[in-house]
Amino acid sequence: MTDSSIPPPKCQETKDDDQQCEQTVEAEEKVEDISNAVEEMEPEEQEEAGVEESIPDWVHSLLRKKFFKGCLVHDAGKQNETNKYCITCDLAACKHCISSGSHDDHKVLKIHHHSYQDVVPLSEMQDHFDCKRVQPYKCNKKTIVSLHPLPHCGSGAQCQAWACCDICRRKLFDPKQYHFCCISCKVHAFYKNKGKIPPLLLQSRRMVGLERVGRSESSKRKRKGTPQRASLP
1 MTDSSIPPPK
11 CQETKDDDQQ
21 CEQTVEAEEK
31 VEDISNAVEE
41 MEPEEQEEAG
51 VEESIPDWVH
61 SLLRKKFFKG
71 CLVHDAGKQN
81 ETNKYCITCD
91 LAACKHCISS
101 GSHDDHKVLK
111 IHHHSYQDVV
121 PLSEMQDHFD
131 CKRVQPYKCN
141 KKTIVSLHPL
151 PHCGSGAQCQ
161 AWACCDICRR
171 KLFDPKQYHF
181 CCISCKVHAF
191 YKNKGKIPPL
201 LLQSRRMVGL
211 ERVGRSESSK
221 RKRKGTPQRA
231 SLP
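Take the sequence shown: its position 207, counting from 1, is numbered 207 in UniProt numbering, and each next residue is one higher.
For the record, the hints were derived by calculation from the structure and aren't laboratory data. C-beta: ideal position from N, C-alpha, C; glycine also. Keep in mind that the hints are not guaranteed to be accurate.
Said to hold, decoys possible - DEER-style ranges, computed between Cβ atoms:
| id | residue 1 | residue 2 | range |
| --- | --- | --- | --- |
| 1 | Q79 | D130 | 29 to 35 Å |
| 2 | S99 | S54 | 28 to 34 Å |
| 3 | Q177 | S102 | 35 to 41 Å |
| 4 | G77 | S115 | 24 to 30 Å |
Said to hold, decoys possible - Keeping only pairs whose Cα atoms sit at most 30 Å apart, straight-line, the calculated BS3-like set for lysine-lysine is:
| id | residue 1 | residue 2 |
| --- | --- | --- |
| 5 | K141 | K176 |
| 6 | K78 | K176 |
| 7 | K78 | K132 |
| 8 | K66 | K95 |
| 9 | K95 | K69 |
| 10 | K132 | K65 |
| 11 | K95 | K107 |
| 12 | K142 | K66 |
| 13 | K69 | K138 |
| 14 | K69 | K107 |
| 15 | K107 | K142 |
| 16 | K142 | K171 |
| 17 | K66 | K141 |
| 18 | K110 | K69 |
| 19 | K171 | K95 |
| 20 | K142 | K69 |
| 21 | K171 | K110 |
| 22 | K78 | K107 |
| 23 | K132 | K171 |
| 24 | K110 | K138 |
| 25 | K78 | K142 |
| 26 | K69 | K141 |
| 27 | K110 | K66 |
| 28 | K142 | K176 |
| 29 | K95 | K142 |
| 30 | K78 | K171 |
| 31 | K78 | K66 |
| 32 | K132 | K142 |
My request is simple: use the sequences and hints to build the entire structure.
See the structure below:
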C-alpha cells in the first residue's frame with residue numbers, strides 16, 4: 001500500500017519521469033495565473049467555472065487512511081479487514097464495527113481495491129463530495145472513483161498535456177469531460193495556492209488539443225468517392 005499523501009509523486013531518475021515532472025511543474029505554473037483570475041470573478045462566474053468553496057476536513061483524512069488492515073477492535077474475528085470508512089466518526093472500520101449498531105445513523109463509505117489502490121463507488125462518494133471532473137472507472141461492474149492515481153493509466157511523454165490529469169499527468173479516457181484522474185488530484189489542485197484554486201486547470205490548452213483532434217478525425221473521414229467514367233456521346 002502506498003503512502004496516501006496529497007502531494008504529487010516524487011521525481012524518479014529516469015527520462016520519462018523527468019519529462020513527467022517537467023510537465024507537472026508547467027501545470028503548477030499555470031495555477032497562479034488561474035488563481036488571480038478566479039479572485040476577480042463574480043460568485044455566479046465562479047460557480048459556473050467549478051470553483052469549490054471548501055474541501056471537507058474528512059476528505060483529507062480519508063485520503064490519508066490505510067485500509068484493508070486487520071481491525072484492532074475485532075482482531076479475533078474473521079473478515080475483519082478495514083474496508084469501510086465512517087465519515088461521521090472519521091474511522092476506518094471493518095464490517096463488524098459497522099454492524100455493531102454504533103454507526104447506524106452515520107455516513108459510511110464502502111472501500112474497494114482496484115489496481116492496488118483504494119477506490120470508492122461513485123454513487124456513494126458523490127452524495128458527500130463533488131466528484132465533477134473526476135474520471136470514473138469500472139470495477140466489477142461498478143462505477144468507482146479512485147482516491148489516488150491508478151498505476152496503469154500512462155503518463156509523461158506518452159500523454160499530451162491537454163489529454164492528461166491536470167496534476168499527476170495520468171492519461172484521461174475522456175479529457176473533454178474529466179480533468180482529474182482521482183480525488184486526491186482534485187483536492188491537490190484546489191489547495192495548491194492559498195486554498196483558492198478551482199478544479200479546472202489548463203482549460204485553454206485542453207480545448208485547443210481537443211479541437212485539433214476533432215479536425216484531424218474529420219479530415220480522415222473525408223475520402224474521394226468512386227471514380228465515374230464519363231458516358232460516351
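Is the straight-line distance between the alpha-carbon of K69 and that of K141 30 Å or less?
Given pair K69, K141 holds - Cα atoms ~25 Å apart, limit 30 Å.
For the pair supplied as a hint, K142 and K69, confirm whether the alpha-carbon distance does not exceed 30 Å.
holds, 23 Å
Need the status of pair K95, K142: alpha-carbon distance at most 30 Å?
Holds, at about 20 Å.
Are the Cα positions of K171 and K95 separated by 30 Å at most?
violated, 35 Å
Given pair status - K171, K132, alpha carbons within 30 Å
Status holds; Cα separation ~17 Å.
Hey, K110 versus K66, does the alpha-carbon distance stay inside 30 Å?
holds, 13 Å
K66 and K141 were given as a pair; does the straight-line alpha-carbon distance stay at or below 30 Å?
With a Cα-Cα distance of about 24 Å, the restraint between K66 and K141 holds, given a limit of 30 Å.
Restraint check for K132 with K142, where alpha carbons must lie at most 30 Å apart
With a Cα-Cα distance of about 18 Å, the restraint between K132 and K142 holds, given a limit of 30 Å.
Mind checking the alpha carbons of K142 and K176 for me, to see if they're no more than 30 Å apart?
holds, 22 Å
Holds or violated: are the alpha carbons of K69 and K107 at most 30 Å from each other?
holds, 21 Å
Within a Cα-Cα threshold of 30 Å, do K78 and K132 meet the stated pairing?
Violated. K78 to K132 sits at ~37 Å, over the 30 Å cutoff.
Proposed proximity, K69 with K95 (alpha carbon, max 30 Å):
holds, 12 Å
Violation of the numbered hints given earlier is confined to hints 6, 7, 19, 30; the remaining hints are satisfied by the structure.
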